[in-house]
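Chains A and B supply the protein sequences, listed in that same order.
The opening residue of the first sequence carries number 26 in the numbering used here; numbering runs sequentially from there.
The opening residue of the second sequence carries number 11 in the numbering used here; numbering runs sequentially from there.
By construction, these hints were calculated from the structure, which means they are not laboratory data.
Here a beta-carbon is modelled for each residue, glycine too, at the ideal position from N, C-alpha and C.
None of the hints are false.
Label-pair ranges, simulated between beta-carbon atoms:
| hint | chain 1 | residue 1 | chain 2 | residue 2 | range |
| --- | --- | --- | --- | --- | --- |
| 1 | B | Lys215 | A | Gln259 | 24 to 34 Å |
| 2 | A | Ile71 | B | His216 | 47 to 57 Å |
| 3 | B | Met39 | A | Ala110 | 31 to 41 Å |
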Amino acid sequence: MSQENEVETTGHVWDGDLQEYNNPLPRWWIWGFYASVAFAIVYWFIYPSWPVAGHFLTGFDTVTYVNNKGEKKTVHWNSRAELMANMNQYAAKQKPYFDKIAATPFKKIKADPGLNDFIASSGRTLFADNCAACHQAGGQGKIGFAPNLTDDDWLHGGTYKAIQQSIVNGREGVMPAKGLDPNMTDKQATALANYVLSLSGEPHDATLVAQGSALFHGAAGCFSCHGANAKGNQLIGSANLTDKIWLWASSPGAQTKAAKVEAVKQVILTGINDPNSIHKGVMPAWKGRLSGEQIKVLTAYVHDTLGGGE
Amino acid sequence: MFKFTHDTIERNVGLMIVLMMLAISIGGMVEIIPLFFIKGTVEPVKGVRPYTPLEQLGRDIYVKDGCYLCHSQMIRPFRDEELRYGHYSLAAESQYDHPFQWGSKRTGPDLARVGKKYSNEWQVQHLIAPRSMVPESVMPNFPWLLTTPLDYSDIKDKMRALRDVGVPYSATKAEYERNVKKFGPKVAEMLKISDAEKNIIWQVKHGFNGVPGDYDGNPNNITEMDALVAYLQVLGTMVNFNKYDNDQFVQYR
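Given only the sequences and the hints, what does the whole structure look like? Please build it.
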């Protein structure tokens with residue numbers, strides 16, 4: 026081969042005659058290498074780079090942003106400052122909507138088609154990220170876990186104000202095991218369960234209703250929280266027992282009369298959010314995690330878009 | 011006479027390995043070593059504390075069960091991440107993590123700020139059967155967490171090992187006093203190595219960090235679930251960002 030005369034070999038020889046050429050690197054590669062060195066040097070001057078005496082060379086590039094105090098700042102380029110500028114830019118786009126929402130009473134938000142669309146779209150994302158894990162994607166809730174937000178039945182109230190309160194501070198409705206009668210017997214609990222089921226016209230044993238009613242309005246103290254008419258009290262989040270909507274007593278899931286009685290009995294005997302109860306449901310407080318504007322959007326979303334209402 | 015050439019390296023495997031490792035690590039060293047000399051790499055911020063013994067064991071289960079294979083714990087300073095997960099992660103927030111769980115694989119969402127987002131009950135139910143809470147989830151079921159008793163026989167050794175690498179668990183009275191000054195008396199109690207077992211039992215009973223105890227819903231035993239949920243509930247909750255301007259941490263980068 027002609028190369029033999031022009032290019033040196035590496036000098037080692039294997040198996041008697043195997044040699045390796047020591048070809049120079051291709052020219053394009055060498056120039057590419059020098060170009061990347063030059064690029065690196067330019068880069069050092071533009072962006073933060075080398076450490077110097079406890080700090081670093083900050084580079085010439087800058088970012089300008091406005092912080093939450095309204096102070097305008099120009100600092101050397103860095104990803105955190107760039108995030109600030111980025112948030113500013115999008116906040117400016119959403120500001121007209123958020124300003125309007127902050128300034129508009131709930132009732133008027135509902136009447137304004139533009140705002141309504143904004144609530145429906147931004148509310149959906151917020152709901153999916155924060156609420157759907159418990160209340161499920163469409164807000165339909167989950168029996169034994171978190172209430173349905175799309176019906177007109179509210180534990181704590183379905184007004185804008187009540188919903189906003191539920192989100193801001195969270196909720197934890199507590200029902201003590203055995204109501205207010207720690208000595209309640211199993212038989213008494215059965216009677217109470219049948220009475221409770223009779224209130225909403227679910228299958229029950231009619232012969233036990235009178236005894237259950239007496240306990241409900243007497244020794245067991247149920248009336249003190251659920252009211253004499255058993256329609257519940259939204260101030261303490263006690264459930265309305267006269268409708269067929271059950272959150273804890275999974276009566277719709279239980280098919281037979283016996284199963285329904287058992288489900289309600291379980292709630293009566295172990296309570297809800299009582300330390301030893303198997304029925305636990307806490308609505309977390311969102312005030313530290315979500316902004317006031319986000320909570321207002323969610324309130325309107327639950328009330329108007331999910332179609333809760335009062 | 012000995013002449014050092016390419017040939018010398020090629021014919022000496024040991025030398026070649028050493029030089030190769032040196033060449034490969036230059037990139038890493040240039041990126042990492044300067045950070046040790048820059049003030050503010052770990053941002054000065056209030057509230058970050060070492061994990062309590064129960065949380066630390068929860069972290070071990072998190073690693074053992076491979077949660078990190080699908081979950082990162084690092085919110086990057088991007089708008090979409092800020093909107094979904096909250097404030098970007100600070101280096102300071104993982105200063106007591108050995109090793110940190112930043113990760114880069116997100117089959118599931120980032121967990122850096124999942125603490126207090128949900129209730130204990132949700133966490134338990136979701137870990138036993140994720141699809142019962144999130145129908146479209148691909149997260150595996152972890153039902154054994156609820157039935158496996160928590161093994162905390164070696165917690166003191168673990169805390170001592172972490173203390174050796176700089177986590178301020180206290181072994182002496184002086185270290186305890188230092189922790190009282192730095193983290194307050196309640197946390198300092200929790201960081202005492204000598205009381206580790208007692209503190210685990212106490213935390214399961216009473217809760218900590220504003221989260222109620224009895225994490226797994228069964229007050230009669232201490233399970234791996236108790237530890238893991240205690241750990242999940244503290245993630246990202248140590249720093250109160252409402253106390254700072256929203257550009258407070260820009261100056262450190």
